[in-house]
Each structure stands twice: as C-alpha cells, then as structure tokens.
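Below are the chains, spelled out letter by letter.
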Amino acid sequence: MSRDGARAPRGGAGFPQGGATYLGMPAFPQAADAATRDGRLRANLRHATHTIRAKRARAVAELDDWARLREAGAAIKDRTLRHLDHHLVRLEEAVTRAGGTVHWAADAAEANRIVTDLVRATGEHEVVKVKSMATQEIGLNEALAEAGIRAYETDLAELIVQLGDDLPSHILVPAIHRNRGEIRDIFRDRMASWGRPAPEGLTDRPAELAEAARQHLREKFLRAKVGVSGANFMVAETGTLVVVESEGNGRMCLTLPETLISVVGIEKTVPTWRDLEVFLQLLPRSSTAERMNPYTSMWTGTADGDGPRVFHLVLLDNGRTDTLADEVGRQALRCIRCSACLNVCPVYERAGGHAYGSPYPGPIGAILTPQLRGLSSPLEESLPYASSLCGACFEVCPVAIDIPEVLVHLRERVAEGGEVTVRGTRTVIRPAKGHATERAAMRAARWAFDHPGALRRGQRILARTRRLQPRRLPGPGRAWTDTRELPAVPAESFRDWWARTRGGTA
Amino acid sequence: MRVGLFVTCVNDSLYPRTGRAVVALLERLGVQVDFPMAQSCCGQPMFNTGYRHQTEPLVRRYAAAFRDHDHIVAPSGSCAAMVRDNYPRIGARAEAEGRGTELSEAAASVVPKTYELTEFLVDVLGVTDVGAYFPHTVTYHPTCHGLRVLGLGDRPRRLLERVEGLELRELEGAEECCGFGGTFAVKNPAVSSAMGSDKSRAIARTGAEAVCTVDNSCLMHIGGVLAREGSPVRPVHIAEILAGTKDPAR
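So the sequences go chain by chain: B and S.
Numbering-wise, the UniProt record's numbering puts 203 at position 203 of the first sequence, and it's gapless, one number per residue.
Numbering-wise, the UniProt record's numbering puts 134 at position 134 of the second sequence, and it's gapless, one number per residue.
With the rest of the complex left out, here is chain B (with noise of 0.2 Å):
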C-alpha cells in the first residue's frame, strides 16, 4: 500500500526514505551524531524527558516500601522466566479453556504471517491497533500492508508517528520528539488521507489536537471489524490478557471489534493474579508517574454477548528463548516496558530514540535490541557502548535491570567473542569486525601496566617531549579534542616522585 507524498522521518541523518523501517540504520554514534546537532530534537527531548523525570520521583517517593516492591517485581519476574516453559503451557491451556485460540511464533516472520493469515480469513481489509511494542518489533503494520491491510494506530502518540510517515522514539511517548507545532502541521497534512480530515482553522492547543485525533479515530472505531493488540502481562492460571493505558483508545479497541488478535511476547507471563498487584504498583510510577493508570483492561477468551467473539493469541519469541539462555543477560526480560530508564538517561536525552535502530530505544534498547536479533551487523555491535555506565537507568528501574552489567557483559561479546545462542543452538561467535586495532592497544596497555617498570619509562618519555606535544591529535585521540582540551602532561609522575622523596623502589 502506497503513502502519498511520504516524507523522510526527521531527526538523524540516514534514515530510509519513504517507509517506517528500522531496517538498514547505521551505528549508533553516526545517527546519534545528527541527533546532537538537532537543537530542537534536544530541547523538545529535555524538556520531555526532565518534566516526567521530577514526576517520577515524587510518585515513588510516596511509597516507603519502594525498595521491597522492586525486589518482589524482579523476583516474580525471575522465578517466572526460570519456569516459562511451565507457565506457557498453563497460559496455553487456560486461554484456549476459555474460548481463544494460541498461536505459538518462532520469529517475526511466523508471527506476520499468522497475523495476516487470520486478518485475511475474516475477509477485512483494515484493522485497528492498540499501541504495542511487540507489533513494532516484528513490522507487523509493513506486513499487513504488503498483503492489503491497513493498520490505523490508535493510540495518540502512535497516530502522530504514523501519520508523520515517522518511526517511534521514546517507549511510553513514541512521539516524545514532536513539539505541538509540528503535531499541529502532521494532522493538517496528512489526516485526510488516513481517514477523516483534521478540521478547519487547527492550532497547537492541547485540547483541540486531542479533539482532532478523537474525531479521527471514532470513525475506525465504529467501522473496523479486526482489533490488534499487544499486552503489558498474561495470567497463566486464568489465560487473562492485561493491557494498561492512558487514553481509552485500548479499551475501544479491545472491546468492539469482532475479531481480537493479540500479539505478545512469551516474557510478559505472570503466573497468578497476585503477582498483577506488584506490577500494578510498579509500572504507573514508573512510567507515567500516577499512582494508577488510567484504564486497565483485562480480557479472558470470549464470552456471550460482551467483546470479541473470536480471540487468537499469537505467542512471540523472537529471540527471547535465546536470551534466557544467557546468564548475565536474561534479566534483560524482567523489563515491564515502563520506558522510566530512557527518561534518566544522559545518553537517550542527547541521541534522541530514532539512534537506537529499534522501537526499543534508550538503557533497555541498548541491552534487548542486540540480544533480540543477535549482534548481527554493525548497528547491534555498537549498542552496547551507547552508555557512559552513569548507572542512572538501574537506579531507577522498578524490575531492577541492571542495565549497566548487561551492557559491559554485551561488549565483552563484540570485543572478544564467546558463547552465545542463537535459535536454541550454542554457538561460538567471533570478535566483531572492526575492533582489531583497538584489541591491541588494549593488549598494549594491559601489557604496559602488568610491567610498572616499562610503564615508568613510557611517563619518562612522555614527560620529556611534553613541550613538543601536539594539541590536536590525529587519529582516534581526533574525537577527544574537536571539543576538548588535553590534560597537560607534568614534569614528574607521581611514580617518580614518590621514588625520589620517598626513596621506593620498583
């Protein structure tokens, strides 16, 4: 299915042109490079990410057993991931007692195309999306289109991402890098040819653009006879579907279409209902800042009268087997998607989400993304450095990720290689391409300081030929000072003084 008129998605150099991909991006330094450079990218990202920060903040603040819940949220979490397999088959079990069908999907391309099998046998051509991660992870919307489908997010930050032929930046706010003015210039633009127009005479108010996207998407409401939705949490011992959100638009879609297919990922299993009442605390503070959230809907199968009449599950790995595999990086599949991470984050603030090559931007990108796919091209390799290790993500993660472990663990992998998993199957891989030079001169540093004696007479050196010293450095050093000064090099080590006053030796 065509876009008229589609433009570029903003906000980094190298994006494709035309279409809503990920696919193909270059490293994270390069895209974060444009980002940098967008004055207006990082003022609309600070502006964001600094209010729901402060937010945040006072909503956990008024918990005092804060610490405790965290520890329950990645305990529950983690004894669930030991025993999926067990807790899958009772889901199973359960939802199809209760009138579903499941699916079970190895990868993006199996869950596509089951999606689109069972679109096309209800003979629809449309279909209506509640906002889901796991839908954009697997380009469900591009696979549906191929096939003649459109899709119509419904969430407001999704809309905007869509009609502006755009890409999600931010978990929670995919949007996040929209200021007023440009969502303004996006519904004027481009409503009219998704469905109703925007009206006449639109400004930037808050209130009228809600008014303009209400207008827009009651029509796909009332029409679509298809609901496509993910979920925040499934219920092994009753087969229920949990989604929380903000707006409603969920809710509509989760309840008056005929057909309901639900795309989730097999990590999002909670055994019991109970485990829901720590989630249900930690998630809202952490990622909108309410103490509740405004609407949970909650479904089990099909009933009489009252919702869908035919529910399909479509259970996704993609992965994330895989990733259970690893020891160290598992955790990664504690995440509750609360995007509180991304929101701290120094790195995130100045790259913008679009950097990050997938709809999981920020901390938690940089750990799932190259677990998910693999570290299978250069843009998965450079992910795990997008960090400066400030440690603020696992400061403030409510499943307490520790985000900057996984990412040193991850970089040991594209540094020196190792053992990983890949399609259930161990594999050794090989140091990534492209880090050989600064192998040695790791090597030579770690070789320099294991022989203080050596490491002495290079200080010597360097002490000596510290007037001939060039300000500028060539080479990788450029980096450093483009923006920088460098430290100037003293006359004396500490090594040397202590020796000369002191009397050590070596």
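Since the hints were made in silico from the structure, they are not lab data.
Honestly, I wouldn't trust all of these hints.
[Unchecked claim] Estimated spans, in silico, between C-beta atoms of each pair:
id: 1; chain 1: B; residue 1: P474; chain 2: S; residue 2: A38; range: 28 to 38 Å
id: 2; chain 1: B; residue 1: R464; chain 2: S; residue 2: D34; range: 21 to 31 Å
id: 3; chain 1: S; residue 1: A108; chain 2: B; residue 2: A147; range: 40 to 50 Å
id: 4; chain 1: S; residue 1: V127; chain 2: B; residue 2: T427; range: 48 to 58 Å
id: 5; chain 1: S; residue 1: A92; chain 2: B; residue 2: P476; range: 49 to 59 Å
id: 6; chain 1: S; residue 1: A92; chain 2: B; residue 2: I461; range: 37 to 47 Å
id: 7; chain 1: S; residue 1: E167; chain 2: B; residue 2: R274; range: 51 to 61 Å
Every residue gets a Cβ at the ideal spot worked out from N, C-alpha and C, and that includes glycine.
Got chain B; can you put chain S on it based on the hints?
Using the frame of chain B, we list chain S on its own:
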C-alpha cells in the same frame, strides 16, 4: 595501621599533584602511607570496554601489591568502584569457566579493604574536619561511580563544608553524568561532548571559581571542555582542597 595508597594510573601519569595531596593529607592526619611500586591500573579501561580477559592480570597485580596492607585508599570513585563491584564478578566468571578460585580469592582479599578517599576519611578515620583551608568558591560534581556504585552519599560534601574559607555553590543537575565514561568519550564523541558542554554550562552558572570531584578522569573531561570554551573555572580534585592549609610552605 598500614595504609596502601592506590594512586591510580590516571593520577600517576597525568595528575601527580593529587597523589601528593593525598599523602600530605593522610600524613597530617597521622596515617602512615605506603606506596607499593608494583601497583599500576585497576583494569577499568579494559573491563568496561569489553576486554575482561585483559583485565585479569591486573586484578592479580592489584591483589599482590596490596596483600599486606590493612586498608587501601584510592583518590578515585570509579577505580574504587571497579575493585569493589567488578573484581568479584571477574572472579566468579573465571570460576564459572572452570578456571579455579584463584581470581575470586584475589578479589576477596582486597574488596573489603579498598576505600575511596572520602570514605576512608569519614568511615575509617572518623573525621569530617581535616583542618583544611581553601579560600575559594567551589561547586561539587558527584561522579557517577562514586554516587551510584560506591554510594558515597554526602561524605564529600560533609568534608568540604568543614573546610575553612570554602564556600560551596549548588550545582544544578549535579547527579547527571558529565559524559566522560572512559572509552565512551572516544567511541561516542558527539554525545559525550554534548553532555560535557551541558555540564560545563551548569558549572559556569554557579559562578564558582573551581569545580571539584572525587575523580580526575571526570575532571579531565570536564576541565577539557571548560578550557576549550575559555572558562575561568578551575578543575580541582577534592584531595587537593582537603590537603590545603594556611601554611604557604606546602
């Protein structure tokens, strides 16, 4: 009490004044300081860039150099954090790979006795007034590893507040990373520089004469940005402030 000074490779090679300040400060407080020449680097540059195996000889070296000391003091939050947070991990990984307990034993022998300087002053020596004199306006940037890995809390501030003549200026967004991050500064220069330049603007807004931290590596980056931007603000390691006295001989 036998105290070993782990001066760190950055301080040894580029900021010897900091090491000399630590020696002066600790000796003034009655501590006998020893500098084992066999020491070098904690291994952080290799470990954090993904070269765990290159780090292992340096773990052994650190443990051997400080085997006989009661306490190890490092004027660096990130190097102390490397030892305390990552040495046990390196040991555990070696064991998991079936290479025995040698590295975990090396780690266990040094982890509990490794302190960042301000921790050592406040927790071990039990002092906050170190008798220092520094008649300048100063703003304090809490470095990430000191703040989040070591949990230094308000120890550095408590020490600074007791320095005679020093006026402490609040730093807006103090807990945000300056953008150094070791090899991050070279691998992601655009983002690192953007972070450094935001930090240097916040520092300039305090109107302080000097910015101080517990880590010269962060100061190298912050100071490099300040210098390039022509700022008069001086980067100073906290040890150099705490070592200052009215005695002009020092």
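Hint check, failures only:
Result: hints 3, 5 break, sorted rising.
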